[in-house]
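Peer 1: Taken in order, these protein sequences are the chains called A and B. For the first sequence, the working numbering assigns the number 1 to the initial residue and increments by one for each residue that follows. For the second sequence, the working numbering assigns the number 255 to the initial residue and increments by one for each residue that follows.
These are computed hints drawn from the structure, not numbers from a lab. All C-beta atoms, glycine included, are put in the ideal place defined by N, C-alpha and C. Do not rely on the hints blindly, as some may be mistaken.
Said to hold, decoys possible - Distance condition first, Cα-Cα at most 27 Å in a straight line; then the derived BS3-like pairs of lysine-lysine:
1. 379/B <-> 111/A
2. 400/B <-> 333/B
3. 55/A <-> 260/B
4. 235/A <-> 216/A
5. 156/A <-> 195/A
6. 330/B <-> 359/B
7. 379/B <-> 333/B
8. 359/B <-> 400/B
9. 55/A <-> 330/B
10. 113/A <-> 330/B
11. 359/B <-> 333/B
12. 55/A <-> 216/A
13. 119/A <-> 55/A
14. 216/A <-> 195/A
15. 379/B <-> 400/B
16. 262/B <-> 55/A
17. 55/A <-> 235/A
18. 235/A <-> 119/A
19. 400/B <-> 330/B
20. 400/B <-> 55/A
21. 379/B <-> 119/A
As the list claims (entries may be wrong) - Reference listing, derived: stretches of chain A covered by chain B, where coverage requires no fewer than 3 residues with Cβ under 8 Å from a Cβ of chain B:
22. 57 to 65
23. 102 to 111
24. 119 to 129
25. 153 to 161
26. 193 to 206
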Amino acid sequence: MATTRRDFLHHTGRLLVLTASAAGAWEALVAGRPETAETYRTAAHWWGMAIDIGKCIGCGNCVRACKEENDVPREPLYFRTWVERYHVAPDDLEHPIVDSPDGGYDGFPEKYKANDGSKNFFVPKLCSHCTASPCVQVCPVGATFDSPDGVVLVDKTYCLGCRYCVQACPYGCRFIDPRTRTVDKCSLCYHRITKGLTTACCETCPTGARQLGDLKNPTDPIHAFLRDHQVHVLKPQMATHPKVYYNGLDGSVR
Amino acid sequence: MSRFLKNKEHLGRMAGLFALGITAFFVARHLLVPPQFGLFGHYRPGALADNMASPVQYAGRVVCEDCHADVVEARKGGKHARIGCEACHGPLAAHAASPGDVVPKRPGGRESCLHCHLFNVARPKTFPQVRVPEHSDAGPCLACHKAHAPVISSLTQ
Numbered sequence: 001m002a003t004t005r006r007d008f009l010h011h012t013g014r015l016l017v018l019t020a021s022a023a024g025a026w027e028a029l030v031a032g033r034p035e036t037a038e039t040y041r042t043a044a045h046w047w048g049m050a051i052d053i054g055k056c057i058g059c060g061n062c063v064r065a066c067k068e069e070n071d072v073p074r075e076p077l078y079f080r081t082w083v084e085r086y087h088v089a090p091d092d093l094e095h096p097i098v099d100s101p102d103g104g105y106d107g108f109p110e111k112y113k114a115n116d117g118s119k120n121f122f123v124p125k126l127c128s129h130c131t132a133s134p135c136v137q138v139c140p141v142g143a144t145f146d147s148p149d150g151v152v153l154v155d156k157t158y159c160l161g162c163r164y165c166v167q168a169c170p171y172g173c174r175f176i177d178p179r180t181r182t183v184d185k186c187s188l189c190y191h192r193i194t195k196g197l198t199t200a201c202c203e204t205c206p207t208g209a210r211q212l213g214d215l216k217n218p219t220d221p222i223h224a225f226l227r228d229h230q231v232h233v234l235k236p237q238m239a240t241h242p243k244v245y246y247n248g249l250d251g252s253v254r
Numbered sequence: 255m256s257r258f259l260k261n262k263e264h265l266g267r268m269a270g271l272f273a274l275g276i277t278a279f280f281v282a283r284h285l286l287v288p289p290q291f292g293l294f295g296h297y298r299p300g301a302l303a304d305n306m307a308s309p310v311q312y313a314g315r316v317v318c319e320d321c322h323a324d325v326v327e328a329r330k331g332g333k334h335a336r337i338g339c340e341a342c343h344g345p346l347a348a349h350a351a352s353p354g355d356v357v358p359k360r361p362g363g364r365e366s367c368l369h370c371h372l373f374n375v376a377r378p379k380t381f382p383q384v385r386v387p388e389h390s391d392a393g394p395c396l397a398c399h400k401a402h403a404p405v406i407s408s409l410t411q
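Construct all of the structure, not just a fragment, from the sequences and the given hints.
Peer 2: Structure follows, in structure tokens:
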């Protein structure tokens, strides 16, 4: 029996539809569901931080809270966030004297005299959660990555401990955890911000010098902060597009 | 053509080796690369859930204020009203989860006050700071100051 044109078109059409739907189903089966929290949509957020240097009193609360919250190794001293003290002659921005005794964990023992003509201030440091992160670019196994909500995270089960990212970070924000021999860094308290809490450092900052901000939320106060202040980021010449914005950042700060 | 046929066995062996190598590569790749790798980017999407799973240590002041309404009232209008409770009292998520079992330590003495208020030239000029020997004897700060709304209580008695 010869195949009629009608039958031929009928069979071909059916074959096309079936294979397409089978391929679609197979794709979905292989991909699985993205493992994210049910009430939190990564696509709805874009996290950053605003830091007001004029408000930082160098109390070290952020450093201590970060260690408690994120189980950062106490000894030897590694930090996800730390505070630096700058001592600058006002006419010599090129040669600041910077110290950070134990990251500011126990405060800053008095070292400089008042009214000696120098400029003294504290600068809190943490991962800038860059939009174009060099650390993410160099990771050979995809163990460090930009999350869809703009946080640079580490997959500890995947990290080889090769230290490329430690060298790549222009801000010195990464270290190898001696217990796991994998890299560790500020996660912007990802386990907290995805539950609607602020970071441990912002929670415990007594003066509000640090403010977590969701740049995708139009009502977040970070927009007013960025609009009303002369803000700057660290090392803009590195083209890393950081999302930690400093108000009152002195030219001597590296 | 005859030259090609003469080397037939030789070429076959090579083709077999190649096929074996390619198969081994795909098997290894299938076993080593997690199934969802690359869904959002060059990483394992499950790593997001891993990062979310860390335990929370600092409950946040909203949780504290649920129970401690008296302290909210005491702090109202004071200079310390906007400071998170756990800035001085330490991480208390465990206390918030079972208030009877985990009793927080009360910050006493001077250490927790001096973290912020000890004189340091790098602190902003307008921030209240003390040089301890000039300020008082070695007594605890709370003998004169109220921590939740810092006014000098002994002077108003």
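Peer 1: All the hints need checking, so say for each whether the structure fits it.
Peer 2: Structure-based check of all given hints:
1. 379/B <-> 111/A: Distance ~16 Å between residue 379/B and residue 111/A Cα, so the pair holds.
2. 400/B <-> 333/B: holds, 11 Å
3. 55/A <-> 260/B: Since the Cα atoms of residue 55/A and residue 260/B sit roughly 85 Å apart, the hinted pair is violated (cutoff 27 Å).
4. 235/A <-> 216/A: holds, 24 Å
5. 156/A <-> 195/A: Holds: residue 156/A and residue 195/A sit about 21 Å apart, inside 27 Å.
6. 330/B <-> 359/B: Measuring from Cα to Cα gives roughly 23 Å; hence the hint holds.
7. 379/B <-> 333/B: With a Cα-Cα distance of about 17 Å, the restraint between residue 379/B and residue 333/B holds, given a limit of 27 Å.
8. 359/B <-> 400/B: holds, 17 Å
9. 55/A <-> 330/B: The hint holds at about 21 Å.
10. 113/A <-> 330/B: violated, 37 Å
11. 359/B <-> 333/B: holds, 23 Å
12. 55/A <-> 216/A: OK: residue 55/A and residue 216/A at ~25 Å, within 27 Å.
13. 119/A <-> 55/A: holds, 15 Å
14. 216/A <-> 195/A: holds, 17 Å
15. 379/B <-> 400/B: holds, 23 Å
16. 262/B <-> 55/A: At roughly 81 Å apart (the allowed maximum being 27 Å), residue 55/A and residue 262/B break the hint.
17. 55/A <-> 235/A: holds, 21 Å
18. 235/A <-> 119/A: holds, 21 Å
19. 400/B <-> 330/B: holds, 13 Å
20. 400/B <-> 55/A: Roughly 23 Å between the alpha carbons, so the hint for residue 400/B and residue 55/A holds.
21. 379/B <-> 119/A: holds, 11 Å
22. 57 to 65: holds (count 6)
23. 102 to 111: holds (count 3)
24. 119 to 129: holds (count 3)
25. 153 to 161: holds (count 6)
26. 193 to 206: holds (count 9)
Consistency with the previously given hints fails for numbers 3, 10 and 16, ordered from lowest to highest.
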